[in-house]
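K.L.:
Under my numbering, the residue at position 6 of the sequence shown is numbered 6, and the numbers go up by one with no gaps.
Everything labelled a hint here was simulated from the structure, so no lab data went into it. Among the hints, a few may not be true.
[Unchecked claim] As a list, the in silico DSBU-like pairs of lysine-lysine whose alpha-carbon atoms are at most 30 angstroms apart:
#, residue 1, residue 2
1, Lys59, Lys41
2, Lys40, Lys59
3, Lys59, Lys44
4, Lys48, Lys59
5, Lys50, Lys40
[As the list claims (entries may be wrong)] What follows is a set of in silico ranges between Cβ atoms, one per label pair, in the way DEER data are often shown:
#, residue 1, residue 2, range
6, Leu62, Ser17, 31 to 41 angstroms
7, Ser17, Leu63, 33 to 43 angstroms
8, Thr42, Asn64, 18 to 28 angstroms
9, Lys41, Leu63, 24 to 34 angstroms
10, Leu62, Ser19, 28 to 38 angstroms
11, Ser17, Asn64, 33 to 43 angstroms
12, Asp43, Leu63, 25 to 35 angstroms
13, Ser17, Lys59, 25 to 35 angstroms
14, Leu62, Phe16, 18 to 28 angstroms
15, Phe16, Thr42, 12 to 22 angstroms
16, Ile22, Asn58, 29 to 39 angstroms
17, Phe16, Asn64, 12 to 22 angstroms
18, Leu63, Ile18, 24 to 34 angstroms
Computed from a predicted model, the values in this text were never measured in an experiment. Every residue, glycine too, gets a C-beta built ideally from N, C-alpha and C.
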Amino acid sequence: MIYIRILNQSWNGNWFSISYRIFFFTFIRQEFVLLHAIEKKTDKIPRKEKDCALERMNKYQLLN
């Protein structure tokens with residue numbers, strides 16, 4: 001997965017038999033910042049979803 005390298009981590013989970021992918025990264029003082037979540041329909045992550053998470057990570061880092 002590309003986002004393991006770009007955003008540090010992604011996490012997959014199930015909620016009432018629906019699979020989700022949650023993008024997050026760790027920040028100073030080991031804070032976990034949740035960036036974006038999508039319903040996992042395929043193994044491939046759409047580029048716009050990756051871009052959204054990356055943009056949010058960059059904004060968070062600029063403001064903190």
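K.L.:
Determine for every hint whether it applies to the structure shown.
P.N.:
These are the hints, each one checked on the structure:
1. A distance of roughly 27 angstroms separates the Cα atoms of Lys59 and Lys41; the hinted pair therefore holds under the 30 angstroms criterion.
2. Of the pairs offered as hints, the one joining Lys40 and Lys59 holds, with about 25 angstroms between alpha carbons and a cut-off of 30 angstroms not exceeded.
3. Distance hint between Lys59 and Lys44 is fulfilled; the C-alpha atoms sit about 25 angstroms from each other, no more than 30 angstroms.
4. Taken as a hint, the Lys48 and Lys59 pair is honoured in the structure, with Cα atoms around 16 angstroms apart against an allowance of 30 angstroms.
5. A hinted pair counts as satisfied when its Cα atoms are at most 30 angstroms apart, and Lys50 with Lys40 qualifies at roughly 13 angstroms.
6. Remark: the range hint 31 to 41 angstroms for Leu62 to Ser17 is upheld by a beta-carbon distance near 38 angstroms.
7. In this structure the hint that Ser17 and Leu63 lie 33 to 43 angstroms apart at CB holds, the actual value being about 37 angstroms.
8. Separated by about 33 angstroms at the C-beta atoms, Thr42 and Asn64 break the suggested range of 18 to 28 angstroms.
9. Against the hinted window of 24 to 34 angstroms, the Cβ-Cβ separation of Lys41 and Leu63 comes to about 32 angstroms, which satisfies the hint.
10. A hinted range of 28 to 38 angstroms holds for the C-beta pair Leu62 and Ser19, which are about 32 angstroms apart.
11. The hinted range of 33 to 43 angstroms is satisfied by Ser17 and Asn64, whose Cβ atoms lie roughly 36 angstroms apart.
12. Checking the proposed 25 to 35 angstroms range against Asp43 and Leu63 shows it holds: the Cβ atoms sit about 33 angstroms from each other.
13. The hinted window of 25 to 35 angstroms between Ser17 and Lys59 holds, with their beta carbons roughly 33 angstroms apart.
14. Our hint of 18 to 28 angstroms for Leu62 and Phe16 is violated, since their Cβ atoms are close to 36 angstroms apart.
15. The given range of 12 to 22 angstroms is respected by Phe16 and Thr42, whose C-beta atoms sit roughly 19 angstroms from each other.
16. A hinted range of 29 to 39 angstroms is violated for the C-beta pair Ile22 and Asn58, which are about 18 angstroms apart.
17. Under the hint 12 to 22 angstroms, the C-beta atoms of Phe16 and Asn64, about 34 angstroms apart, miss the expected range.
18. The hinted range of 24 to 34 angstroms is satisfied by Leu63 and Ile18, whose Cβ atoms lie roughly 32 angstroms apart.
When each numbered hint is compared with the structure, violations occur for hints 8, 14, 16 and 17.
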